[in-house]
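J.: Take the given structure of chain L and dock chain E with the ligands to it, following the hints.
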Amino acid sequence: MSARDLFPILPVLLVLAVLPFLGLSGSLLNLLIFMMIVALAAQGWNVLGGYGGLASFGHAAFFGTGAYAAAILQTRYGVNAWAALVAGVVLGSLVGAFIGLLTFRSGLKGSYFALITLAFAEVLRIIANSSEITGGGAGIVVPIDYGFENLQLRDRRFFVLLAVICVGVGLVITRWLDRSKFGAYLIAIRENEDAARALGVNVMNVKLGAITLSAALTALAGVLYTQNFLFLDANVAYGPWISIEALFAAIVGGLGTMFGPLIGAVVLLGAGEITKEFSGGIPGFDLLVFGVILIITVAFAPNGLAGISLKSFRRKTRGHTARSSRDGGADA
Amino acid sequence: MLEIDRLSKRFSGLVAVDDVSLRVEHGSITGLIGPNGAGKTTLFAMSAGFVPVDAGNVRFEGATVTSMPPHERTRLGMVRTFQIVQPFAGLSVRENIAVGAYLRTPDRADALAEAETVGNRLGLGPMLDFAASSLTVAGRKRLELARALATRPRLLLLDEVLAGLNPTEIRDILPVIRSIRDDGVTIFMIEHIMQAVMNLCETVYVLNEGKLIAEGAPAIVCGERPVIEAYLGQGAAARLRAEGGQPHA
Ligand SMILES: Nc1ncnc2c1ncn2[C@@H]1O[C@H](COP(=O)(O)OP(=O)(O)O)[C@@H](O)[C@H]1O
Ligand SMILES: [Mg+2]
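In order, the protein sequences belong to chains L and E.
The first sequence begins at 25 in the numbering used here and counts up by one.
The second sequence begins at -13 in the numbering used here and counts up by one.
The shape of chain L in the complex, shown without the other chains:
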């Protein structure tokens, strides 16, 4: 990957980084932070589900592990927040590698893989809800102690900046998938596992790498969540909401695309916020909106929102190309 490959990322990051300093209200800043956290979780989901074709219903397992690791290490063991961030990402990745070892070894794919990941996340939620170290049902509070060294930023604008930087890391990693041998192998496995194997791809290793990387990004989102809200309980950390939002954002935005998860998170949470205004905050109404958006996208833009722009762009520049004819490419 060369520096040139990163060019498309820069303007997007720049816009996102400048946005909080344009005098946004506190609630808009909070929304922006939340969008970035979900975008990051969705970027993680996209590595495995979009590039690898292994759709998970249980990314909460990674999100929650990152979130709890950060909270528990800081409050119970007095670990520095930045070190806790690294530990959260590492532990989340390990959970990913563990689930990968169990499921890929037995060749689980498709809906079986999705359900197994859901089961893992639910088991973790139940354990977290009843064990002492997580604070059980009462949850866990990280005491307020503002300061950069504690990864607690009083000025919301700077927390936006921090979250944008993390999303930037996600973009760079995704770009790397588009440009590297590892990414090419992962996509090859998604398209046809046997053919990939015949061409010398170590399918098991590539899948394990993908789930580990995927889990790392989503765990980082969990750590950010902890540092932003300074409160966690099992339903927040390991609850299905984040698995669903990560998956929806990635699909709506565009599977296997660099900007897809970010676009998806912004659109979904933006639409959710707007309808919240009108619906007067009926619980679960935003999920309904997400569902409608998902259905519309799948029906009218099968390659996601990023696919629309990509499609029209390619049509203008190169005529008939591989990706723009991808809709009809499922047969063989």
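There are no misleading hints in this set.
Derived CB-CB ranges, DEER-like:
#1 L:203 / E:70: 29 to 35 Å
#2 E:-4 / L:325: 45 to 51 Å
#3 E:13 / L:126: 43 to 49 Å
Read the hints as simulated data drawn from the structure, not as lab findings.
Beta carbons: idealized from backbone N, C-alpha and C, even for Gly.
T.: Okay, now just chain E with the ligands, sitting in the frame of chain L:
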């Protein structure tokens, strides 16, 4: 190059490959023929590591690879194609071939350049940027061959790469296969089209109901009674002789 030693495979009662031994000589184009269901594809799958063997051994360039996973065999230089083509449907032709090329280089630019070279050689040049799913049958067969070739193999296992092609397409691809061999790649091919086998292969093995029933030069083997009967049914050889016809399968 490839030595198959008393290989057997059983699928729940059905003996697909029954105690088969054969050799593919270095630098040769060797054929494997036989009626449908004879066990040819299963024999290839075991040679390439896709199906575990029940008994017997596979040796590649002297090394026993019987229980080595497929991707490691490919790294060693043995690559198979699929009878039912297996394109990466959503990717372009170039990207398809590049997956093969990545085996010998970690660099994207190198892999794409190699993909272009191999694609051009197989006549896929004008299609490099099209989706693999948009290719015709003949195009897909060429792609299957191109991807395999991009791994820089020393032994190619081709499973009916000519099936489904029309005579013109076959005429076009025969010289390509021969030129691959002339570049030093040994070829072991399953083929139904006898004209092509006669044309290309120095040696053929004939499989019927899992058993090896004949081997030798194609012109001679195809005149042998068990071979004719395997293809045309019991007593066919005798009938042919009685009618004074020249047996050609
Ligand atoms: N995975 C499998 N499970 C069960 N039976 C199989 C399997 N693969 C092949 N067979 C059977 O083994 C026999 C040989 O098949 P195959 O090797 O594909 O023959 P060929 O390639 O010579 O046409 C056939 O009867 C086929 O039905
Ligand atoms: Mg066959």
